[in-house]
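Protein chains: 2
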Amino acid sequence: MSTTLRLFLNVKFSTYAQHYSSKSGIVQLMQDLSIAPPPGGQLYPMGGGNPAHIPEVEEALRQIANEVVGDTVRFARMVGDYDAPQGHERFRTALAERLSNLFQKPLSAQNIAITNGSQASFEVLFNAFAGAFADGHWRHIELPIAPEYVGYNDMGRQQRPILRSTPARINLLADQQFKYGIDLDRFRVSSETSGAVCLSRPTNPSGNVVTDSELQEVAEKCVSAGVPLIIDGAYGLPFPGMIYTSATPFWDDNTILCLSLSKLGLPGVRTGIVVAAPEVTELIRNANAINGLAPTRVGPELVLPLLANKQMDTLCQQVIRPHYLQKQAFALDTLRDASADLPIRVHKPDGAMFLWVWFENLPGGTQKLYEAAANEGVVTVAGHHFFQGLTTDWQHANECLRINYAGNPGLVEEGIRRLIAIARRLYESETQASIAR
Amino acid sequence: MSTTLRLFLNVKFSTYAQHYSSKSGIVQLMQDLSIAPPPGGQLYPMGGGNPAHIPEVEEALRQIANEVVGDTVRFARMVGDYDAPQGHERFRTALAERLSNLFQKPLSAQNIAITNGSQASFEVLFNAFAGAFADGHWRHIELPIAPEYVGYNDMGRQQRPILRSTPARINLLADQQFKYGIDLDRFRVSSETSGAVCLSRPTNPSGNVVTDSELQEVAEKCVSAGVPLIIDGAYGLPFPGMIYTSATPFWDDNTILCLSLSKLGLPGVRTGIVVAAPEVTELIRNANAINGLAPTRVGPELVLPLLANKQMDTLCQQVIRPHYLQKQAFALDTLRDASADLPIRVHKPDGAMFLWVWFENLPGGTQKLYEAAANEGVVTVAGHHFFQGLTTDWQHANECLRINYAGNPGLVEEGIRRLIAIARRLYESETQASIAR
Numbered sequence: 001m002s003t004t005l006r007l008f009l010n011v012k013f014s015t016y017a018q019h020y021s022s023k024s025g026i027v028q029l030m031q032d033l034s035i036a037p038p039p040g041g042q043l044y045p046m047g048g049g050n051p052a053h054i055p056e057v058e059e060a061l062r063q064i065a066n067e068v069v070g071d072t073v074r075f076a077r078m079v080g081d082y083d084a085p086q087g088h089e090r091f092r093t094a095l096a097e098r099l100s101n102l103f104q105k106p107l108s109a110q111n112i113a114i115t116n117g118s119q120a121s122f123e124v125l126f127n128a129f130a131g132a133f134a135d136g137h138w139r140h141i142e143l144p145i146a147p148e149y150v151g152y153n154d155m156g157r158q159q160r161p162i163l164r165s166t167p168a169r170i171n172l173l174a175d176q177q178f179k180y181g182i183d184l185d186r187f188r189v190s191s192e193t194s195g196a197v198c199l200s201r202p203t204n205p206s207g208n209v210v211t212d213s214e215l216q217e218v219a220e221k222c223v224s225a226g227v228p229l230i231i232d233g234a235y236g237l238p239f240p241g242m243i244y245t246s247a248t249p250f251w252d253d254n255t256i257l258c259l260s261l262s263k264l265g266l267p268g269v270r271t272g273i274v275v276a277a278p279e280v281t282e283l284i285r286n287a288n289a290i291n292g293l294a295p296t297r298v299g300p301e302l303v304l305p306l307l308a309n310k311q312m313d314t315l316c317q318q319v320i321r322p323h324y325l326q327k328q329a330f331a332l333d334t335l336r337d338a339s340a341d342l343p344i345r346v347h348k349p350d351g352a353m354f355l356w357v358w359f360e361n362l363p364g365g366t367q368k369l370y371e372a373a374a375n376e377g378v379v380t381v382a383g384h385h386f387f388q389g390l391t392t393d394w395q396h397a398n399e400c401l402r403i404n405y406a407g408n409p410g411l412v413e414e415g416i417r418r419l420i421a422i423a424r425r426l427y428e429s430e431t432q433a434s435i436a437r
Numbered sequence: 001m002s003t004t005l006r007l008f009l010n011v012k013f014s015t016y017a018q019h020y021s022s023k024s025g026i027v028q029l030m031q032d033l034s035i036a037p038p039p040g041g042q043l044y045p046m047g048g049g050n051p052a053h054i055p056e057v058e059e060a061l062r063q064i065a066n067e068v069v070g071d072t073v074r075f076a077r078m079v080g081d082y083d084a085p086q087g088h089e090r091f092r093t094a095l096a097e098r099l100s101n102l103f104q105k106p107l108s109a110q111n112i113a114i115t116n117g118s119q120a121s122f123e124v125l126f127n128a129f130a131g132a133f134a135d136g137h138w139r140h141i142e143l144p145i146a147p148e149y150v151g152y153n154d155m156g157r158q159q160r161p162i163l164r165s166t167p168a169r170i171n172l173l174a175d176q177q178f179k180y181g182i183d184l185d186r187f188r189v190s191s192e193t194s195g196a197v198c199l200s201r202p203t204n205p206s207g208n209v210v211t212d213s214e215l216q217e218v219a220e221k222c223v224s225a226g227v228p229l230i231i232d233g234a235y236g237l238p239f240p241g242m243i244y245t246s247a248t249p250f251w252d253d254n255t256i257l258c259l260s261l262s263k264l265g266l267p268g269v270r271t272g273i274v275v276a277a278p279e280v281t282e283l284i285r286n287a288n289a290i291n292g293l294a295p296t297r298v299g300p301e302l303v304l305p306l307l308a309n310k311q312m313d314t315l316c317q318q319v320i321r322p323h324y325l326q327k328q329a330f331a332l333d334t335l336r337d338a339s340a341d342l343p344i345r346v347h348k349p350d351g352a353m354f355l356w357v358w359f360e361n362l363p364g365g366t367q368k369l370y371e372a373a374a375n376e377g378v379v380t381v382a383g384h385h386f387f388q389g390l391t392t393d394w395q396h397a398n399e400c401l402r403i404n405y406a407g408n409p410g411l412v413e414e415g416i417r418r419l420i421a422i423a424r425r426l427y428e429s430e431t432q433a434s435i436a437r
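Sequences listed follow chains W and X, in order.
Going by the working numbering, the first sequence opens with residue 1, and the numbers climb by one from there.
Going by the working numbering, the second sequence opens with residue 1, and the numbers climb by one from there.
The set of hints was computed from the structure by calculation and includes no laboratory data.
Do not take every clue at face value.
Since copy identity is lost for identical chains, a pair holds within one copy or between any two.
[Stated by the list, open to error] Below, simulated BS3-like cross-link-like pairs (lysine-lysine); rule was C-alpha separation at most 30 Å, straight line:
#1 K368 to K179
#2 K179 to K327
#3 K221 to K12
#4 K105 to K12
#5 K179 to K310
#6 K23 to K368
Generate coordinates for the entire structure from the input sequences, incorporating the hints supplied.
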């Protein structure tokens, strides 16, 4: 047995396997979701992107699940049949109807494909629209704004990097807040070097919501260059609708909209949705078959009744949105209260479920803060992971930190207090050091 | 609107997107699962790999689902939390215990990773063990026997083909049967050109079960060359246990065993399982996080109680195995009865849920038979899809056809009768033509 064990200790992986490195930011973030508490201590989980457990939403889903499980035929169909590789036909039809109303465009089931989560959608889309092309050009996924979602970072399956980002403009606001804007002078879309443009709206990690006029300009640049626009609506419209400012839903024939059931409360079932021209949904269908035969049926089965009876809109507007807004206000109050003496700012929290905190001039940067806090059970995400695709260093990238406020309010409150206490120690250590110098 | 529509009609995909071609065999096979009946006619679905709906199994799963849904905390955890990227911890622990007993090896949860279906496991494994290596060698996934599972065929994400197959030896048996053997003289494993060896046991499509002694020889060649052996146990042991001959379960430290919950009756929930050394399960964990954040929790939650209370073994041995054996006997009888006058043979059906039929010298080959039958609603899979990785043409590859006998027995009976009637027409057309000459 020791002989064969040794073989594996010398296991040879291909160069392709480097795409699956343990050092990937998203690997670390997902592992942090199941981190153990420190010895004898408490865990304050504010790291990964787990959504809130909202009793009303869970009860609505549980009632549907109860009906499915109570009906032998429906249950047998949900678990016992492969779905079509493009995904659940009736769900796609119902969603197309809902989106046709929302966007005032004639969408059909053909415009929709189901995946095993939005992350899986991006892996296919990014590589199908970027990298090497038959015409000899290398095209990028253009991120109009950095910071952007960390999960985009390790999607490239080709020989050179596929992401290219434009650093955000930082607009300082009253009340120790700031807001990112798209630097529309610098951000360019070219038919020769841009394969697609991608932005999340609301933005993970910053809670930013790209304004209607910014989005309009980006969309026009895309159409002019003949390059598709990918909008990551994991937190957006029509569901889960975690937008706390005025923002118009957007889709046109040049847009690929990626939706997800995760933030609605179903991260455990892995369902992503791609809304696009049939050429694109057929590509997703093929990738589903080749990479995994078919997507899961569970998410679509549980959510179809909510779409059909319009309960979805009620839940989003009257339950989910107020739930997060209340938690956000509480987290913001806690943060302000704890950090009034520190030089920190928070991004204007217009969407999603994160406080994106800028610890200006923090000694050691937020990676050090993240590590010190994690050692004490306070789990967050260091900001540098979200600044992918930049060609130059940017000090700001080492000074931000993402806090997920969706969890238990008591733990979030205490977690934020402890985090800020650690940050204060780091700031003070520098003051001590400079006094000593 | 017409402007942007036109843009998409000219959509530019990268060369990488060619990996997701509509012409892929597995895309066609998965689409055939939801094919419409012919106008005014009946559908006889014997194409894709959908398992049987077995009432006792579905009832056992439904009872567990009922308990989960009846418990607000368990339900909330199943759907409302991301799992760890390596997959469900308690399920992995319980399965490790079961497998430790089966293989008499000290396996732990660290040896197990969950994926969104076995097809997803292979996509990662094949590319991590084959293709380009840092030492300059190009290594292959060696298939010791062709025909093998069609889903392996389009897994390569690299610039050259990664599969290399050795044609099966054909042993003719009594009673118009035959059995494939591994051509152990021709089949070689080399540390320089072999990245991994892979075989399904039982074999999809042929229903072959590689013998203990063949497997032992292959495993020894692998150990000698320092190359891992991937065993695809989607139909095998310990579950679903669709083996109808004597075969010893095999695992050692040089083996990567891929299991699935699909043929147990859960294809709709998408759960695959990789059993291997920690270096390999960590690679799968990373790929899960990067490609999809985390695998689904639904499959593990539904099956964990069956593992814990040993009901799994009872279901496999006393329900699933007899169910398929009975259907197989019925399908075989129907086939023999319908085709007594034709020169066709069936592979010895030692496992899985397929009749693999060899239509020797069929005019036009089985692709023509598949098409003619599909036009009349009789859906099967033409055999040539399963002969990937061969360097030379082989007439046998165009003379086989896979029939899934797991479906409704009445439809399978009538479907086989109609299929054979069409095959007879094809044979007779040739006879007519040669008489005319």
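Tested hints:
1. K368 to K179: within (24 Å within a copy, 63 Å between copies)
2. K179 to K327: Result: close within a single copy only, 20 Å intra versus 65 Å inter.
3. K221 to K12: between (45 Å within a copy, 17 Å between copies)
4. K105 to K12: between (51 Å within a copy, 23 Å between copies)
5. K179 to K310: neither (34 Å within a copy, 57 Å between copies)
6. K23 to K368: Result: close within a single copy only, 17 Å intra versus 51 Å inter.
When held up to the earlier numbered hints, the structure conflicts with hint 5 and nothing else.
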